[in-house]
Every structure is written in C-alpha cells, then in structure tokens.
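A.B. asks: Just so you know, the protein sequences line up as chains A and B, in that order. Count along the first sequence from 1, then add 647; that gives the number in my numbering. Count along the second sequence from 1, then add 90; that gives the number in my numbering.
No lab work stands behind these hints, which were simulated from the structure alone. Everything numeric in this text was worked out from a predicted model, so none of it was measured. Where is the CB? At the ideal position from N, CA and C, for every residue including glycine. It is possible that part of the hints are untrue.
Capping the alpha-carbon separation at 25 Å, the derived lysine to any residue pairs in SDA-like fashion look like this [stated by the list, open to error]: (1) Lys143(B) <-> Phe992(A); (2) Lys891(A) <-> Arg1104(A); (3) Lys143(B) <-> Gly295(B); (4) Lys245(B) <-> Ser834(A); (5) Lys117(B) <-> Leu1058(A); (6) Lys782(A) <-> Asp276(B); (7) Lys117(B) <-> Asn1062(A); (8) Lys411(B) <-> Thr697(A); (9) Lys411(B) <-> Ser228(B); (10) Lys782(A) <-> Val386(B); (11) Lys381(B) <-> Lys411(B); (12) Lys782(A) <-> Gln313(B); (13) Lys207(B) <-> Gly842(A); (14) Lys245(B) <-> Lys207(B); (15) Lys381(B) <-> Glu369(B); (16) Lys381(B) <-> Gly993(A); (17) Lys1041(A) <-> Asp1003(A); (18) Lys381(B) <-> Phe700(A); (19) Lys207(B) <-> Ile836(A); (20) Lys894(A) <-> Lys1041(A); (21) Lys143(B) <-> Tyr1016(A); (22) Lys381(B) <-> Lys1041(A); (23) Lys782(A) <-> Lys207(B); (24) Lys381(B) <-> Lys894(A); (25) Lys891(A) <-> Lys782(A); (26) Lys117(B) <-> Lys782(A).
If you want a taste of the chain B side facing chain A, the calculated C-beta under 10 Å gives, among others [to be verified]: (27) Asp283; (28) Gly286; (29) Thr373; (30) Leu399.
Some, not all, of what chain A presents toward chain B, calculated at C-beta under 8 Å [what the hints assert, rightly or not]: (31) Ala691; (32) Leu833; (33) Gly997.
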Amino acid sequence: MNDGILIGLETAFAGYNIFMVVVGCFAGTIIGMLPGLGPMSAIALMIPITYGFDPASAMILMAGVYYGAIFGGSTSSILINAPGVAGTVSSSFDGYPMAQRGEAGKALAIAAYASFSGGTIAAIFLLVAAPQLAKVSLSFHSADYFALMCVGLLSIAAFASKGQFLKAMIMTCFGLALATVGQDSLSDITRFAFGNINLMDGISFVLLVMATFAMSEAFMIIFKKTDINFKASDVSKKKLGSIKLSKAEIKEMVPVIGRTSILGFLVGVLPGAGATIASFLAWGFERGIASAKDKLKFGKGSIKGLTAPETANNAACTGSFVPLLTLGIPGSGTTAVMLGALLSFGIQPGPRLYVDQPELFWAVIVSMYIGNVVLLVLNLPLIPYIARILAVPKNILVPLVLFFSVTGVYLISFNNFDIYFMAIVALISLVLRTMNFPMPPLILGFILGGMLEENLRRALLINDGSFSFMIDRPISLGLFIVMILIVLMQVYQIIKNRQTNSRDELT
Amino acid sequence: MKNIYKKIISTLVISAALSTSAVAIEKLHFVIPGGAGGGWDGTARGTGEALLKSGLLEQASFENMSGGGGGKALAWLIRTQPENTVMVQSTPIVLRSIGRRASYVSTDAKSGVFSYKDVTPIAGIIGDFGAIVVLSDSPYQTFADLVAAYNADPKSVKMAGGSTRGSMDHLIGALAFQAAGANPNDVVYIPYDGGGKAMAGLLSGETQVLSTGLSEAVGLGGQVRILGITADERSADFPSIPTLKEQGVDAYFVNWRGFFGAPGMDAMDRYELGKMLTELQTTPEWEVVRKRNGWVNILNTGDDFIAFLEKQTEEMTVLMKQLGVIK
C-alpha cells in the first residue's frame, strides 16, 4: 500500500496534474458561487473535454471541480442568502446573519478556513484508511438511513426556541408535505400533482430554496423601505472586507472543526447520505452540545454555527469518494457522473482499484490535499473584494439577487411554469416570514422528506411490514437512542429555564 | 516540464482538429431518463463517447433527468420538443404504455397514454440480457438453490431492483421465478432509486438477490456471483456466466436500448441520426465500448425499428398478463 501511495504522490505532483488541480478548483469555485449552477452538470460537461487525458488527470480535474464547488458554494449563502448547492443551505443559517452584521469578510474567511480544514482532514482519513472504509459504506441499511434522517430532522429544534415551537413544527410538516408532490419513486404513483404535468416531476430543490430564502429576503428588503438607502454607511467598508479572526475566535473554531470533520466524513462515506445531510447534522450536533449561552447565538450569526456545516460538507464531499473508488457505487449524482467518466476510460472502480490502478487511486486522494491548499490560496485574497458586494446600494443589489435567483431556477428546467411557481412560493413565504414563521425547517423537511419516506417504506418492505428493525439493527437502535437523549435534554433545559425564570420573578 | 506543454498543445490540437471536420449533425444532447450510473446512463454515455472518439460527432452533452421511471424525460421531450436532442430509452417505454402507468398517462385526454408512438423512434442499437445476481459469498450457488429457498419461504428472498414496482427489473426477476415453476407474485421486490443504490442494497446484505441487466452486473466484478442470464446462449464476452436456459429455466428476455427524438422531428435529421448510429457500429471505437459493457449489437433503424416496437408491444402484453401485472 505504501508503494501505491508513493506512486500516487509522484503522479499527483507531476506538473501537468498540479495544473489540473488548479484549473479544477478555480472552475469549481466559480460554479459553486453562482446560485443555481451545481458541480454535477459542470462535471458532465467536462467528460468530452477530458477525453484524451490520462485517466488520473481527468479524475483529478473532476474531483477539483466537485470539492471546489462545495468550497465556493458558501459564498452566495453567506452574502445574499441564496444557497446554490443543497450542501450549503445550513451555512446560510449563521453566515447570512453575520454578513448582515457587517462581518461578511469574516464570515467568508471562517467558511474558507473551515472548508479547508474539513477537506484536508477528510483527505487524511482517505489516505490512511480508504480501502478499509468500504465496510463502513456498506454498514448502513435502509432502516439505518431512516434513523439517520430522523436525527437530522431534530436540528429543527434550533428554530423552536422562544415560543416558536409550534411554528417550527408547522413549517417542518409543510416541508415534508411538499416533498411528496410528484411521482413516488417506489410505486410510480403520482401524488398531489392535480393533473398538472409540471408538478408531476415534483418541486425542485433550487426553486424552493431560491423562493423561500433569496427571493423572499429581497422582497423583505423592498418592504422595509428604511433599509433601501443602507449603503454600508453605518458599517465601514474596511470592516466589511476584513478577514482577520481574533485568537478567541480561532479557539472557538478548532474543536468544532475537529468534531464535525469526523462526523461529516463518516456521513459522506455512506452512499445514501451526503454533504447536505452531513451539514445539517453537524449544525444540529454542534448546537446540541453548545452551552446554553452559545446555543442562543445559533441562527443569529454564531461562529460555531457557520464552522460546523462548512467543515462537514467539505469532509462529506471528500468522504463520498470512498464508495465511488472502493466499491464502484455512486452515492450522489455528482459521483455518479464521475463513475461514468471512469468507466469511459475503461477503469472499473471496485475493491481491486487500489491494487490494479494505484497511480490513479492514490493520485486522486493526494491531489485533494493540494486542491485544498490551492482553494485557500485562491479564495482568501479574493474575499475582501467579494464581501464588498454588500456595500452595493440595495436598489442595485436587490434586482441583482432577483435576477440571479430567477435565472438559476430557469436554467435547471427551462420551464416557464417554474418561474411563476417560484414567485407564488416567494410571496407565500414573505407572508409567513412577516408572521415570524421560520423558513429553515421548511427546507429541512423538504430535503429530508423524500429520503425519510423512501427509506422507511423500503425498510418496512424488507422487514415484512414490521417495525422491529428499530430495535433489531444496532445502528438504528443507537441512532434512535441518540434521538431520545437529544429530545430529553431539550425538555430538561426548557424545564430548567422555566424554573430559573420563575425564581427570577419571585426575587 | 516539456511534457506538460506537449500534453497541453496536443489537447489543443485535438480540439481544434475536431472543430473543423465537417459532419451533418455536429452536436447532440443526450437526455437520460434515469439516474447516473444506471443502464440508460451507460448506453447514452457509451454511445456518445464512441461517436466522439470515432469522429462521427463533434460535441456531445448529457443530462440525467430521472423521475417516474422515465416518464419525466418522456413528458419533457413531448412538452419542450428540443432540437438536436435524443433520449435514450429501452423496453420500459413499451412496458409502461402497456401498464398505463401514471407517468405515461397524458394529461391531454386526446392522446391518452404516452408511448413510443408519441415520440420519434430513431434506432434501437443494443440489447442487454437480464441477470440474477447474488453476493459472491452467498449460499446460493445456482438459480435452483435460490428457487428452492424461495419455495421454502418466499419472504426469505428479497429481490432488489433499480426502479419502481412493475418495472423491467421487477419483471426480469418475476419471469425467471415463473419459468422455474415458482409463483412469481410472491416475490418480494425491493425498489431502489437507481441501479447504483440497488447494488449498494445487495452489497450491504439488506437484500439477498439483485435483478438487473448483465452490463450493470459485470461492473460489480468479483464482489458478486451472477446465477444466470435471460439469454438462450452464453455471452461471447463473458463465457463463464451461465444462462438460465442451460439450468432448465426457459426465461428469455432482452432489454433493447435505443434512441428517440422529439415528436415531429425533421425526417432528414431522423435519417441522418439513423445513418450515424449504423455507421458507428462498424467502428473500432464502438467495439471497445460494446465489449467493455457486454452489450449485444441489435441494430434497428427507421421503419424496421417501429415494426420491432409493435411486435414487442404485442409479446409483452401477453407476458404481463401472464405475470398478472395487467388484467
């Protein structure tokens, strides 16, 4: 194996391949930054271009685009509340409030450092144990995925504080309901499409997130007229673009990175999960273990709350190479496209890949270290300039946000119906937001809803209609116990808070 | 360092050379009705690759549009009528229109159920036999072992497939069990969203058997054992894989794959595409892709293809009635 790693090092550090890493990372960052564009279509477009390349070079390029897009994807989440990739939705929870506070540069820098650390730590795991991790990939059954999604759903608790519990629950259920629209993937029955062919395909994620986050945010700014003349006058441009982190802030980030990179990586290794689930879990997990004081900051611009999903989504992205390379199983659309590319080079990924093609296997992994360094070097100097987007007067910025969200949605389906539908959803969410209904639980319910249902129904089919898998499968049982503990902790804290509050009232 | 420049320059030269050669159809967009990594995906990308490498096509793009077992892409093709676009399809387009699946039922009352008649059949190019797959350390050595276990307890054999109930993966498995004298209606079929996830389901041990195509099954290499394929003779490319027929199970099923254009496609374009795909099968580049995937060339263009589709519709209607999938 060590010989293989050496060959991999040699291949990855060949001048031509370093060039590939740089190109891939640069293209990925740009693709990730633009809302609506994802790494999957970009990589699919690259297949004909990479024809004629050495397979290792082609994979290094494509991998660079993939993790580069996740790296750059946080930018639009943080600056304009428009997550372009599902994996960066939870980065907007704390990133956008930070940017609104005038700390856009700092938020982008935190995202960059977290992404870098998550990607690099995960690459180390890959290098040390990629072939062995194949077993982890296959350890999860449908029942366990169902349990994992349930744990993920618990992060809505974060939005349930201060009398918001019922509203957060309503929005989650709304999201779960929206996920059922369209053709059912198990029995092929159309649900809630009302005979409309445009709804038979289901509601697209990008549409929903652009409408509820970016578009409704833009509408909110328009309706709050006082905000229109906000030109960063109360916040100096210098502060907006500053990427300096204090020692205390770095100290706050380090343990979060340590924990969430492991969590993110392990979730990424599972073929049925991925960067999106990883980032939600990491955000919920960090909030769960934070002190009562820190907990209140989550969702309002917490450094931990931004570090966690940004570390986890990059670690998960790297982790998803385990099932791809060691089993030949694609866990996500993007890795499936890469599998197709590998096959078109006549390379069959699987348990023998690292034995038969060590130069390719290890070179791709080694290139991820180089790639993460390249991304950091590429992104950090740009941050002060990108952050100044927020200094653009709102009467220019708002139309730009609207333009990007509409084109982003249109480019996916090329369907006018989606634009009308998006405007309606944005108006509904505007009304809901003015009534203080939180939007993140809606998106969370929507993303997890489809996977929750599919895995539960499959688990029931496999278990002949019995729910016994919840106890019989150790992983499911473990996850359900974790879930119960989280709920109990939450209840305990609420009771404790009430007691202290009533005591305060007495004194 | 010299090597880098050499490589960069050669890439530039190749792309420049490609962009100047004159062909009738320069670029083609392949719409894949299923998720990446599945059989449709392999066919479209493999065809695209061979077309590019043999110089018959300058530019190819691919788009995965999964949903409703192909109904989404079909409806999209009918709705948007895009130019320079072909959709890869296979036996399901026939099966689904017979089964009147919701996704293939048009909202326009006049057209009723979508089928191959609503789009422009261009050519059928390959066939792939069905394969019954178990893990390499599975106790089932032959298909008879599996049937014996199934007859003893139908619930002990869970069969994974990459698409919905009533889809081809389901039918291949059911047909094999029926041909072996077992009741196919008791087969517990576990649907997954895509071939890749169904493979993961088998490898993780959550299902005991996988019903899929031979080309997808051979991709799993030594991790699995293929108990039998639904062909009359062993494949020349994989002579070690037994057929079901030689085990006394007379189950024959070939899943053709081919390309369709938008409704009302220009007759000239249709002819040119058919010609291009016919020419393709004579190139060495195609042979590489074909062999790698274990495909069998079954070329059918133009009106022959339509006649073939009509025949299959008749045969499948009988088969599906036998299986109780339709009444």
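A.B. asks: When the structure is checked against the list of hints, which entries are broken? Sort them ascending.
C.D. replies: 2, 3, 6, 8, 9, 10, 11, 14, 17, 20, 21, 22, 23, 24, 25, 26, 29, 30
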